[in-house]
Each structure stands twice: as C-alpha cells, then as structure tokens.
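Q: Build out the structure end to end from the sequences listed, making use of the hints.
The listed protein sequences correspond, in order, to chains Z and D. If you use this note's numbering, the first sequence corresponds to residues 35 to 255, in order. If you use this note's numbering, the second sequence corresponds to residues 35 to 255, in order.
One thing to keep in mind: the hints can contain errors.
Rough simulated footprint, nothing fancy, chain Z against chain D, three-plus residues with beta-carbon under 8 angstroms [claimed, not checked]:
#, segment
1, 163 to 169
2, 178 to 186
Output of the computed footprint for chain D on chain Z, the stretches with three or more beta carbons under 8 angstroms from beta carbons of chain D [claimed, not checked]:
#, segment
3, 165 to 178
4, 218 to 229
Since the hints were derived computationally from the structure, they do not count as laboratory data. In this text the structure is predicted, and so the values were computed from the model without any measurement. Glycine included, each C-beta is placed from N, C-alpha and C at the ideal position.
Number of protein chains: 2
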Amino acid sequence: MNMMNNLDTAMAPEKSVESNGTARPVDWNNPRVAAILAAAAKCFARRGFSATTLAEIGKELGLRKSIVHYYFASKAALIHEVQSFTYQKYLAKVKDAASGTDPGVSRTVGVVGALWSAIRTDPTLSELNIEVWSAARRDEELKRRASDLQREANTLIDEAIADAVGAGAKVSNQRALSTLIGATLNGLSVAGYLDDAADADGAYQLFQKMLSRELSATSAS
Amino acid sequence: MNMMNNLDTAMAPEKSVESNGTARPVDWNNPRVAAILAAAAKCFARRGFSATTLAEIGKELGLRKSIVHYYFASKAALIHEVQSFTYQKYLAKVKDAASGTDPGVSRTVGVVGALWSAIRTDPTLSELNIEVWSAARRDEELKRRASDLQREANTLIDEAIADAVGAGAKVSNQRALSTLIGATLNGLSVAGYLDDAADADGAYQLFQKMLSRELSATSAS
Numbered sequence: 035m036n037m038m039n040n041l042d043t044a045m046a047p048e049k050s051v052e053s054n055g056t057a058r059p060v061d062w063n064n065p066r067v068a069a070i071l072a073a074a075a076k077c078f079a080r081r082g083f084s085a086t087t088l089a090e091i092g093k094e095l096g097l098r099k100s101i102v103h104y105y106f107a108s109k110a111a112l113i114h115e116v117q118s119f120t121y122q123k124y125l126a127k128v129k130d131a132a133s134g135t136d137p138g139v140s141r142t143v144g145v146v147g148a149l150w151s152a153i154r155t156d157p158t159l160s161e162l163n164i165e166v167w168s169a170a171r172r173d174e175e176l177k178r179r180a181s182d183l184q185r186e187a188n189t190l191i192d193e194a195i196a197d198a199v200g201a202g203a204k205v206s207n208q209r210a211l212s213t214l215i216g217a218t219l220n221g222l223s224v225a226g227y228l229d230d231a232a233d234a235d236g237a238y239q240l241f242q243k244m245l246s247r248e249l250s251a252t253s254a255s
Numbered sequence: 035m036n037m038m039n040n041l042d043t044a045m046a047p048e049k050s051v052e053s054n055g056t057a058r059p060v061d062w063n064n065p066r067v068a069a070i071l072a073a074a075a076k077c078f079a080r081r082g083f084s085a086t087t088l089a090e091i092g093k094e095l096g097l098r099k100s101i102v103h104y105y106f107a108s109k110a111a112l113i114h115e116v117q118s119f120t121y122q123k124y125l126a127k128v129k130d131a132a133s134g135t136d137p138g139v140s141r142t143v144g145v146v147g148a149l150w151s152a153i154r155t156d157p158t159l160s161e162l163n164i165e166v167w168s169a170a171r172r173d174e175e176l177k178r179r180a181s182d183l184q185r186e187a188n189t190l191i192d193e194a195i196a197d198a199v200g201a202g203a204k205v206s207n208q209r210a211l212s213t214l215i216g217a218t219l220n221g222l223s224v225a226g227y228l229d230d231a232a233d234a235d236g237a238y239q240l241f242q243k244m245l246s247r248e249l250s251a252t253s254a255s
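A: Right under this line is the structure:
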C-alpha cells in the first residue's frame, strides 16, 4: 500500500529482456521509446511513482500496457530510465550553451543561465526532481542514481568554471562553487514551484551577478 | 491506495474536538503534545506521510493510537501541525541569532549561518521539507501552508537584510536576496542529503562569502 512496497516489488534490472533471455538496452532514438519516456516523466512528475501505473502511461499515448511492458521490464526500470533520459536532455542543452562562444566568465555564466532556463521552461523537471528526492529516502538504488546524476551535472559545471578561470589555473574552491551552483538552481526551482508569487527569476538574476563577481575575482587572482 | 487519496480522506481542521463539540487549539507547551509532534516529524521524514499511521507514531512513544487521536483529530491535522511546529522551532533559532549582536552585515550573515546550522544539525528538517514539497503536488492545502511558511522565513531574512543595510535605506533587490538565501539553503540541504560526499558545508562557506560581499556593496551604495 505504501511507496516503499510498490518500488521494492517492482525493482528489476534496467534492461528489457529479449525472448531469448538476453538483456536489451533501451534505445532512446526509437520514437516510441522516447514517447513513452516523455509520457512517463509527465505522469511521474504529476502523480508520483507509486500512484502511476504502466497502464496509465500507455493510455496517455493510446498504447496498451503490454506495449509499454515490451520496452520496459518493470516500473522500476522505467523510473530509472526516465531519470537518466530527462537528465541527459537537460545536460545536452547545457553542452549546447557551452559550445560556440569564447571561454571566459561570460561563457560560464551562460552555461548556468542555460541550466536555469531549462528548469524554467520545463516544470516537469522540477517536479520529477522532487519525486526522485522523496522516493530516494526509501530506495537506495534510486538515491545512488540521483547522486551519480548530480555529480555528472556538477562535473559539467566544473568544466565551465575551469573555462572561466583559464586552463591550468588552480581554483581552490571549484568544487564548492559547482556544488553551490547546482544547489541554488535546485532550491530556486522549488521556490518557483511552491509559490508562483516568489520572484525566482529575480533571485536567479541576483545570483548570476554574485557569481560573475566571484568568477572574475577568482580568475584575476 | 495512493498518497492523494490518503491525504484527501484524512483532511480535517487543525483542531481537536472537545466532548462538547468545540474546537481545542493544539498546545505546543504540553509535553505530551510536543513529544507526539517530534515523533511524528521523525516518522513522516523517514517513511513519508502516506506510509505512516497514527498507531505507529504512538508506538514510538509507547502510547496507544487513541491517545494520539485525542490530541490530533486526523492524520492531516497532525501533518499540518508538525509542519508548523518544526518550522517555528527552526525560526526561533534564527531569532535567537538575530538578537544580542549589533545590526550590520555580520549580524545578517550570522542569521543565515544560524539557519544553515539548524538544517545541518537536524536531518529530519531536510527530509520533512522534501516530504512536504512532494505531497504539496497533490494537496493544495499543504502547498498553501508550505508557501506561507516559506514567506514567513523570507520575511525573517528580509528583516535581517534591512538590519545590514541600515534603517530607512532602500534595497532594490531585497526580496530577490531573501528568496535567493532561502532557496540556496534548501538546495544545499538536498545536496547534503543526496550525497554525503558533496561538500555542502564548503559550498555554504562560499555562499556566505559571496553574500557578505553583496551586502557590503549594497550598504555602501
């Protein structure tokens, strides 16, 4: 009846199983797989993992449950895949923002701005994050995956910071800085979601100003 | 079976009902009430609202379910009271930090530091926050209360900022600043909870430095 039981019994490896018994990796380029992942992200964000069934996700797309089940062996497998898929889409936007401009403080700030605008344009992302944090309290595997994805995002931010301060330069607080940026964006996304009247964008603008100042001070020293 | 149903059916006013039918406000100074609220906070933080029963909360204290029910008419009433109780305890620490020192940038930074140390010393607070954010997606009343409490915290931070910049001085971005501070602390608490290896305290130190710099620039202008 509770979330823990629902997730525990659904726990399974991240791969669907072929009729010959070998694991088949999930193909994100398959349009049907991508559609199922997007529909699942929406359902999970809105109603939570435990209250969402594979049948409901299929219904969103006019597909039978058996079709969803063909691509994803279990709800747990689908949850993990949605988590990775959504995060990778988000990180891809950041990589786009990082390419094409000259390295420096403004490029780094641009990367952080791209992260923020990805959060603001897709409310599903914030709600899915909250669902993952919540479920992670009772699901060690989900927690491990969430902290891996968080580290991956921090690494991207780290690279952007290294850009700003110049190659070879040592930044003593680089890790603290990337942790701070990721945490602030997460916190601002929650503030915007909890209270429409909260000026999350104004707070972001201020953070960006404080960040530029910090990066300039760091690169100059 | 899902969290939404559990919360909806349990929805009731925030007061217990006397035998004569009049509502009785919850008395936080009653040691038994305080013990029930603390035990409930721990259970809710660990297992979530929907998976926790009044009987389990009573069991933590060796009390029968009927005793818990005597003080709290329903699980929803208990959830709302735990939310307020935990938040007020947290805000009281902040008020303590604000009194006794001279107004100025360092007092303001001290208030923010007190918020951070309250978060760090009580992991229940972060987990309870995550549970509230998660349940708020499906419970309008909980969401309304969460955003009210968030605004109350922001007002406290606002007052601390006004202190720093001096009475009568106009701060154009004061509201953005208090939103940013609240959001960053929330985000850092999630980072620390998701990944023990994340340097949440280092990131906090850096934020404090950036904040002092911003406040000094604002008070000087």
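Q: Output the numbers, in ascending order, of every earlier hint that fails for this structure.
A: Every hint satisfied by this model.
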